[in-house]
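Number of protein chains: 2
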Amino acid sequence: MPLVEKIQNLSALSPGAVDWLKNNIEALSFKKNDLILKEGKVCNYLYYIKSGMAGGYYQTKDQEICNWIAAENDFATSYYSFISREASYESIACFENTEVQAISYEKINTLYKLFPESERAGRLILEDYYSRLEERLISIQFKSAKERYDTLFEKRSEIIKRAPLGRIATYLGMKQETLSRIRAGK
Amino acid sequence: MPLVEKIQNLSALSPGAVDWLKNNIEALSFKKNDLILKEGKVCNYLYYIKSGMAGGYYQTKDQEICNWIAAENDFATSYYSFISREASYESIACFENTEVQAISYEKINTLYKLFPESERAGRLILEDYYSRLEERLISIQFKSAKERYDTLFEKRSEIIKRAPLGRIATYLGMKQETLSRIRAGK
DNA sequence: CGTATTATTTGATTTAGGTCAAAAGCTGTT
DNA sequence: AACAGCTTTTGACCTAAATCAAATAATACG
Numbered sequence: 012m013p014l015v016e017k018i019q020n021l022s023a024l025s026p027g028a029v030d031w032l033k034n035n036i037e038a039l040s041f042k043k044n045d046l047i048l049k050e051g052k053v054c055n056y057l058y059y060i061k062s063g064m065a066g067g068y069y070q071t072k073d074q075e076i077c078n079w080i081a082a083e084n085d086f087a088t089s090y091y092s093f094i095s096r097e098a099s100y101e102s103i104a105c106f107e108n109t110e111v112q113a114i115s116y117e118k119i120n121t122l123y124k125l126f127p128e129s130e131r132a133g134r135l136i137l138e139d140y141y142s143r144l145e146e147r148l149i150s151i152q153f154k155s156a157k158e159r160y161d162t163l164f165e166k167r168s169e170i171i172k173r174a175p176l177g178r179i180a181t182y183l184g185m186k187q188e189t190l191s192r193i194r195a196g197k
Numbered sequence: 012m013p014l015v016e017k018i019q020n021l022s023a024l025s026p027g028a029v030d031w032l033k034n035n036i037e038a039l040s041f042k043k044n045d046l047i048l049k050e051g052k053v054c055n056y057l058y059y060i061k062s063g064m065a066g067g068y069y070q071t072k073d074q075e076i077c078n079w080i081a082a083e084n085d086f087a088t089s090y091y092s093f094i095s096r097e098a099s100y101e102s103i104a105c106f107e108n109t110e111v112q113a114i115s116y117e118k119i120n121t122l123y124k125l126f127p128e129s130e131r132a133g134r135l136i137l138e139d140y141y142s143r144l145e146e147r148l149i150s151i152q153f154k155s156a157k158e159r160y161d162t163l164f165e166k167r168s169e170i171i172k173r174a175p176l177g178r179i180a181t182y183l184g185m186k187q188e189t190l191s192r193i194r195a196g197k
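Protein sequence lines correspond, in order, to chains A and B. Residues 12 to 197 (my numbering) are what the first sequence spells out, left to right. Residues 12 to 197 (my numbering) are what the second sequence spells out, left to right.
Source of the hints: derived by calculation from the structure; they are not laboratory data. Glycine included, every Cβ here is placed at the ideal spot set by N, Cα and C. Among the clues, some could well be false.
With a cut-off of at most 20 Å between alpha-carbon atoms, the simulated DMTMM-like pairs for lysine to aspartate or glutamate come out as follows [to be verified]: (1) K124/A / E128/B; (2) K61/B / E107/B; (3) K154/B / E75/A; (4) K118/B / E37/B; (5) K118/B / E128/B; (6) K154/B / E145/A; (7) K72/B / E145/A; (8) K72/B / E158/A; (9) K154/A / E188/A; (10) K17/A / E138/A.
Incomplete in silico selection of chain A near chain B, CB under 8 Å [as the list claims (entries may be wrong)]: (11) L148; (12) I151; (13) G184.
Work the whole structure out from these sequences, hints included.
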């Protein structure tokens with residue numbers, strides 16, 4: 012499903028908005044391990060993954076922690092940097108060769124001005140980010156490592172299958188060894 | 012510091028916007044243990060605490076988990092419900108007798124229409140909520156119970172002093188017994 | 001291919017914080 | 001003041017997951 016269709020599913024857009032969007036979306040291609048965004052830069056794009064897989068992670072004293080993992084038909088951006096226009100503390104990297112569609116912060120704002128009904132879709136995308144963050148907090152605070160794994164397995168089995176184990180582990184808030192043992196059923 | 016001044020500190024408002032705000036803010040008084048918002052209702056107000064203390068919490072299978080605690084000069088609302096217009100999963104209760112100023116969702120939107128420069132302040136308030144949530148996730152995921160307590164003690168000692176221990180414990184993601192032992196220095 | 005490098009698994013051990021149970025301290029009410 | 005009903009503290013014990021260390025397995029690359 013291309014980006015425009017995905018947005019349409021969130022909230023209907025006028026034909027004019029659809030046309031305008033189609034002319035203002037960029038298509039980009041990344042190779043496995045390419046960085047889409049480097050920590051310290053402002054994230055100027057809302058990305059949408061057509062194929063492949065990418066993730067956002069940040070550096071702590073002694074390890075990289077994965078914040079989110081996005082696959083086909085998922086949005087991907089450094090949310091806080093994108094909305095606040097401040098430097099991102101997270102980097103975004105591709106876990107596979109990845110094709111994305113991207114729309115810049117400026118273009119989105121032009122879209123809002125030209126087609127006010129598009130604000131609703133924009134808000135829905137960003138709210139979705141917020142509620143995912145909330146869910147993640149609740150999951151880390153109250154679920155056991157195995158429950159967190161099982162939930163991800165049910166909801167996003169493509170991540171379990173395709174993302175690197177180390178990334179999945181830090182995303183789920185556990186050590187790689189623990190994830191490996193859970194996976195082995197021990 | 013009254014609400015209007017607090018907002019001015021975030022982002023300057025025109026004299027017209029300030030006047031309009033002053034005429035459209037409600038002042039409300041709550042007693043200790045009063046509910047400001049009941050779980051299941053849409054949160055229609057952005058509250059601002061003039062005196063007292065309140066907190067947001069939600070019910071799990073076997074306990075109430077505190078999401079946030081706000082004191083004098085803090086904003087307080089059920090963020091997700093307020094922005095999405097959906098039922099709140101959290102309740103807001105007063106931990107002390109509490110005086111608040113409140114502005115409704117509708118009035119805020121009128122303000123935005125009448126005085127577009129006010130959008131910036133609105134966005135800053137909401138971004139602040141998002142980044143607090145992020146900080147909390149990171150803290151729960153990577154800091155020990157004692158470190159989490161110490162951080163709260165440094166940053167918000169009024170909470171440590173005045174909020175009920177059980178609320179502080181669930182807010183910090185630990186058991187009350189653990190918090191009590193940390194406090195006793197054991 | 002075969003070897004180097006990186007990713008994953010397995011084993012042994014430790015530990016932070018949870019659980020359960022009871023005691024001690026507070027606060028408000030008549 | 002005395003009692004009831006909270007909140008907070010303390011003690012003994014237990015367990016999930018971390019840590020440390022090493023062995024395999026998978027992947028990439030000349």
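Going through the hints against the structure:
no., hint, verdict
1, K124/A / E128/B, "15 Å, holds"
2, K61/B / E107/B, "12 Å, holds"
3, K154/B / E75/A, "15 Å, holds"
4, K118/B / E37/B, "11 Å, holds"
5, K118/B / E128/B, "15 Å, holds"
6, K154/B / E145/A, "18 Å, holds"
7, K72/B / E145/A, "18 Å, holds"
8, K72/B / E158/A, "15 Å, holds"
9, K154/A / E188/A, "18 Å, holds"
10, K17/A / E138/A, "16 Å, holds"
11, L148, "5 Å, holds"
12, I151, "6 Å, holds"
13, G184, "5 Å, holds"
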